[in-house]
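S.K.: Single-letter residue listing:
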Amino acid sequence: MGKKRKEVEEIVIDMTPMIDMTFLLIIFFILVNDMSKKDLEELKLPIAMEAGHDEPPERRQILNIRWFPAGGVPDGVVAQYSTLGIGIPPDQEWSDIVWRGQVLYYPNIDTGGRTDPIRKGRADYYWKLAQTMENEWVPFFERKMDKTLGIELPDDPILLRADRNTPFKYLQKIMEVCTRDGIQIWKVQLAASEDPNVVAAREKARGNQ
Amino acid sequence: MARRKKKKFEAIKTDMTPMIDVTFLLLIFFIVTLKFKILEGRLDAALPKDRGTSTAEAVEIDKIDMLIKVAEPGELIEDADNPRLLMYEGRRIRVEIGAHKYYYDPFNIEDPEDPLPELTAFLKDPAYDKEETPISLDARKGVVYGDIVVLLDVVIREKFQKVSFAGTHEQD
Numbered sequence: 001m002g003k004k005r006k007e008v009e010e011i012v013i014d015m016t017p018m019i020d021m022t023f024l025l026i027i028f029f030i031l032v033n034d035m036s037k038k039d040l041e042e043l044k045l046p047i048a049m050e051a052g053h054d055e056p057p058e059r060r061q062i063l064n065i066r067w068f069p070a071g072g073v074p075d076g077v078v079a080q081y082s083t084l085g086i087g088i089p090p091d092q093e094w095s096d097i098v099w100r101g102q103v104l105y106y107p108n109i110d111t112g113g114r115t116d117p118i119r120k121g122r123a124d125y126y127w128k129l130a131q132t133m134e135n136e137w138v139p140f141f142e143r144k145m146d147k148t149l150g151i152e153l154p155d156d157p158i159l160l161r162a163d164r165n166t167p168f169k170y171l172q173k174i175m176e177v178c179t180r181d182g183i184q185i186w187k188v189q190l191a192a193s194e195d196p197n198v199v200a201a202r203e204k205a206r207g208n209q
Numbered sequence: 001m002a003r004r005k006k007k008k009f010e011a012i013k014t015d016m017t018p019m020i021d022v023t024f025l026l027l028i029f030f031i032v033t034l035k036f037k038i039l040e041g042r043l044d045a046a047l048p049k050d051r052g053t054s055t056a057e058a059v060e061i062d063k064i065d066m067l068i069k070v071a072e073p074g075e076l077i078e079d080a081d082n083p084r085l086l087m088y089e090g091r092r093i094r095v096e097i098g099a100h101k102y103y104y105d106p107f108n109i110e111d112p113e114d115p116l117p118e119l120t121a122f123l124k125d126p127a128y129d130k131e132e133t134p135i136s137l138d139a140r141k142g143v144v145y146g147d148i149v150v151l152l153d154v155v156i157r158e159k160f161q162k163v164s165f166a167g168t169h170e171q172d
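Taken in sequence, the protein lines are chains A and B.
Residues in the first sequence are numbered from 1 upward in steps of one, following this note's numbering.
Residues in the second sequence are numbered from 1 upward in steps of one, following this note's numbering.
No lab work stands behind these hints: they were computed from the structure.
Since we're looking at a predicted model, the values are computed, not measured.
Ideal placement from N, C-alpha and C gives every residue a C-beta, glycine not left out.
What follows is a set of in silico ranges between Cβ atoms, one per label pair, in the way DEER data are often shown:
(1) Glu96(B) <-> Asp181(A): 29 to 35 Å
(2) Asn108(A) <-> Ile109(B): 34 to 40 Å
(3) Thr33(B) <-> Gly150(A): 45 to 51 Å
Heads up, simulated EDC-like pairs for lysine to aspartate or glutamate below, C-alpha to C-alpha not over 16 Å straight-line:
(4) Lys49(B) <-> Asp181(A)
(5) Lys49(B) <-> Glu152(A)
(6) Lys44(A) <-> Asp81(B)
(7) Lys44(A) <-> Asp79(B)
(8) Lys187(A) <-> Asp156(A)
(9) Lys44(A) <-> Glu78(B)
(10) Lys49(B) <-> Asp155(A)
(11) Lys13(B) <-> Glu10(A)
(12) Lys49(B) <-> Asp146(A)
(13) Lys49(B) <-> Asp156(A)
(14) Lys44(A) <-> Glu40(B)
(15) Lys159(B) <-> Glu50(A)
(16) Lys124(B) <-> Glu158(B)
(17) Lys144(A) <-> Asp156(A)
(18) Lys13(B) <-> Asp14(A)
(19) Lys187(A) <-> Asp44(B)
Work out the full structure, taking the sequences as your base and the hints as a guide.
M.R.: So, in structure tokens, the structure goes:
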């Protein structure tokens with residue numbers, strides 16, 4: 001009888017294994033969580049077969065180009081711009097360039113009277129991008145001597161990411177900015193997805209060998 | 001007095017509840033912020049190194065100029081697989097190399113391993129030194145990123161080393 005009473009008193013759950021498990025799970029998720037994805041906006045990349053698997057070089061910079069058709073700008077983007085005090089006209093297509101979550105170009109950007117150094121006489125809507133490249137990228141890029149030109153050029157690449165529907169002129173504009181004096185970045189990579197069917201087929205073929 | 005003291009010794013137990021709470025919050029945070037690795041690749045290209053700075057005369061070399069134009073723009077529709085995404089239907093792009101013309105629909109490619117068989121055959125011409133022949137992609141009005149990537153894919157598959165892009169002809 002005395003024994004039974006003791007059992008009722010000491011119902012204590014041992015928490016130790018549960019806490020161990022939870023810590024293990026936390027460690028797992030910390031390790032799996034890839035923080036390098038923070039530079040990547042969510043985009044639908046076009047598919048390419050030869051897209052070499054991307055191992056990011058150390059000093060590479062990533063530019064995300066977003067584009068939305070007229071009337072198709074998502075609410076989240078409209079809200080993002082309204083916090084900056086910019087209204088997106090509903091009947092106009094919209095595009096911007098994002099670097100590390102920072103907008104470096106959008107269609108109505110104030111030029112502050114700057115003109116395009118390559119296309120003389122035109123307003124320079126890409127001054128912010130050019131400034132970022134010149135002050136924050138190029139000084140940290142490795143430089144190599146180019147034998148035919150006899151000058152040192154930045155030897156690190158930039159990666160351009162865009163939706164498959166994005167008009168190519170926006171990428172061409174960025175490339176133009178890259179060739180400006182004081183920047184002269186010449187290595188450009190275009191992001192593309194690998195076709196999941198092809199990847200699967202290749203792995204299958206490798207398995208059969 | 002004696003009874004109270006004895007009870008105190010018996011009941012030294014840390015309260016685990018706050019720790020477990022915090023641990024679960026951390027766990028939930030990491031689960032929510034988890035992004036799985038995306039299959040993402042890249043295509044390499046180069047820009048002209050000397051534009052806008054050099055006054056040296058261009059050396060006449062054998063090169064391939066691809067002029068990319070929109071033959072039929074097609075219609076921007078929602079993707080059947082994912083309504084949040086957009087794609088073009090009935091699009092036709094024309095690639096001009098000198099007098100040669102090639103057509104393709106970048107959003108409806110039959111054989112992804114060989115999207116442009118005629119262009120591939122043209123590029124296989126042994127007259128071109130693949131390491132030295134520069135290819136320039138000149139995209140004109142209305143061309144989108146997806147159109148270019150298909151073409152760049154073909155060029156890179158044929159192992160051309162010097163691929164570059166022309167500037168835009170459009171206003172901002």
